[in-house]
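J.: Here are the chains, one letter per residue:
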Amino acid sequence: AQRVTQPEKLLSVFKGAPVELKCNYSYSGSPELFWYVQYSRQRLQLLLRHISRESIKGFTADLNKGETSFHLKKPFAQEEDSAMYYCALDSNYQLIWGAGTKLIIKP
Amino acid sequence: KAGVTQTPRYLIKTRGQQVTLSCSPISGHRSVSWYQQTPGQGLQFLFEYFSETQRNKGNFPGRFSGRQFSNSRSEMNVSTLELGDSALYLCASSLGTGGVEQFFGPGTRLTVL
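Protein chains in written order, with the working numbering: chain F, 30 to 136; chain D, 21 to 133.
Simulated from the structure, these hints should not be mistaken for laboratory data. Certain hints may be false.
Stated by the list, open to error - Per label pair, the in silico range of CB-to-CB distance: (1) S55(F) x Q74(D): 23 to 31 Å; (2) T73(D) x G45(F): 43 to 51 Å; (3) K131(F) x G82(D): 30 to 38 Å; (4) K44(F) x L31(D): 23 to 31 Å; (5) N121(F) x E72(D): 43 to 51 Å; (6) L108(D) x P136(F): 28 to 36 Å; (7) P136(F) x S99(D): 47 to 55 Å; (8) R83(D) x A128(F): 47 to 55 Å.
Said to hold, decoys possible - List time: in silico DSBU-like cross-link candidates among lysine-lysine, alpha-carbon distance up to 30 Å: (9) K51(F) x K77(D); (10) K131(F) x K44(F); (11) K86(F) x K44(F); (12) K131(F) x K86(F); (13) K33(D) x K44(F); (14) K135(F) x K44(F); (15) K51(F) x K131(F); (16) K51(F) x K94(F); (17) K77(D) x K38(F); (18) K77(D) x K94(F); (19) K51(F) x K135(F); (20) K44(F) x K102(F).
To be verified - Rough simulated footprint, nothing fancy, chain F against chain D, three-plus residues with beta-carbon under 8 Å: (21) 29-38; (22) 101-109.
Every value quoted in this text rests on a predicted model; they were computed, and no experiment measured them. Backbone N, C-alpha and C define an ideal beta-carbon position, used for all residues, glycine too.
In isolation and in its complexed conformation, chain F is listed as follows:
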C-alpha cells in the first residue's frame, strides 16, 4: 500500500541548530515527493519537490530510494521556520500525505 510516514509529531530545536524532518514512504514505482509547509494563519504551500532538486529557504531534501526516505534538512534553523511541515507522495492524480511534523524553533 502507498503510505507516507512522518514519525515525529513535534520537533523542537534551538535557533541556529540543524534541523531534520523525517519522511519515509512506501510506493511501488518511481515516487514523486513533495514537502508542503503551513505557517501560522497561512495556507498550505509547496516548500520543495524532489524533481526540482532546489534549495528553498535553506531547506533541502534528498530522495533515498534505498531507504525509501525523503528527509527535509536545514543546517541552521531560524525562528521563521516554525511551522507545520507535511511530506506528500504524488500517486495517480492524488497526494498521499504524512501526518505532519510541527517544527518549533526556540530562540
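Given the coordinates of chain F, work out where chain D should sit on it, guided by the hints.
T.: Positioned in the frame of chain F, the structure of chain D alone reads:
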C-alpha cells in the same frame, strides 16, 4: 494572479442535512483536488477533477460527491451529514499534469452539530 478561493469559509450544519462547498481555482488551472483535514486523520484525499472528469477518488463513502464545471470551478457535496464530517475541507488547483505544485485555498470549516 488571484489565488484559490473557497466559499463559504465557515459552515454550521446539523446531522442529516446536506452541504455544498465551492472552489474557484487559479485562472488557467484545470485540475482541482479536494482534501479533508481533521486532527485525528490528518489530510485525506477526497477526489480530483480535470476538465470536468473525475480522475481519482479517495476512500470516502458515497455521501461525498463532487463535480467540476467547464470554467474549472468545482463543488463538493456531502449528503446526510454525520458528526464525523466536521472538518476543514481544502481545495487545491494545479495545471494538472503529474508531479506539479498544488495551490491551496484557505479551506471551508464545516461543523456538524
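J.: Does each hint hold? Answer for all of them.
T.: Hint check results:
1. S55(F) x Q74(D): 23 to 31 Å: Once the Cβ atoms are compared, 25 Å apart, the range 23 to 31 Å for Q74(D) and S55(F) holds.
2. T73(D) x G45(F): 43 to 51 Å: Holds - the Cβ-Cβ distance for T73(D) and G45(F), about 50 Å, lies within 43 to 51 Å.
3. K131(F) x G82(D): 30 to 38 Å: The hinted range 30 to 38 Å holds for K131(F) and G82(D), with Cβ atoms some 34 Å apart.
4. K44(F) x L31(D): 23 to 31 Å: Violated: the Cβ-Cβ distance is about 40 Å, outside 23 to 31 Å.
5. N121(F) x E72(D): 43 to 51 Å: 19 Å Cβ-Cβ, so the 43 to 51 Å window is violated.
6. L108(D) x P136(F): 28 to 36 Å: holds (30 Å)
7. P136(F) x S99(D): 47 to 55 Å: holds (49 Å)
8. R83(D) x A128(F): 47 to 55 Å: violated (25 Å)
9. K51(F) x K77(D): Roughly 28 Å between the alpha carbons, so the hint for K51(F) and K77(D) holds.
10. K131(F) x K44(F): holds (15 Å)
11. K86(F) x K44(F): holds (15 Å)
12. K131(F) x K86(F): holds (17 Å)
13. K33(D) x K44(F): Violated, because 44 Å separates the two Cα atoms, which is more than 30 Å.
14. K135(F) x K44(F): Distance ~6 Å between K135(F) and K44(F) Cα, so the pair holds.
15. K51(F) x K131(F): Given pair K51(F), K131(F) holds - Cα atoms ~12 Å apart, limit 30 Å.
16. K51(F) x K94(F): The given pair, whose Cα atoms are some 14 Å apart, holds under the 30 Å limit.
17. K77(D) x K38(F): The given pair, whose Cα atoms are some 27 Å apart, holds under the 30 Å limit.
18. K77(D) x K94(F): Answer holds: K77(D) to K94(F) is near 27 Å, not above 30 Å.
19. K51(F) x K135(F): holds (19 Å)
20. K44(F) x K102(F): OK: K44(F) and K102(F) at ~14 Å, within 30 Å.
21. 29-38: n = 0 at 8 Å, threshold three: violated.
22. 101-109: As far as the region 101-109 of chain D goes, the hint is violated, because 0 residues have Cβ atoms under 8 Å from chain F.
This entry does not satisfy hints 4, 5, 8, 13, 21, 22, going by the numbered hints stated previously.
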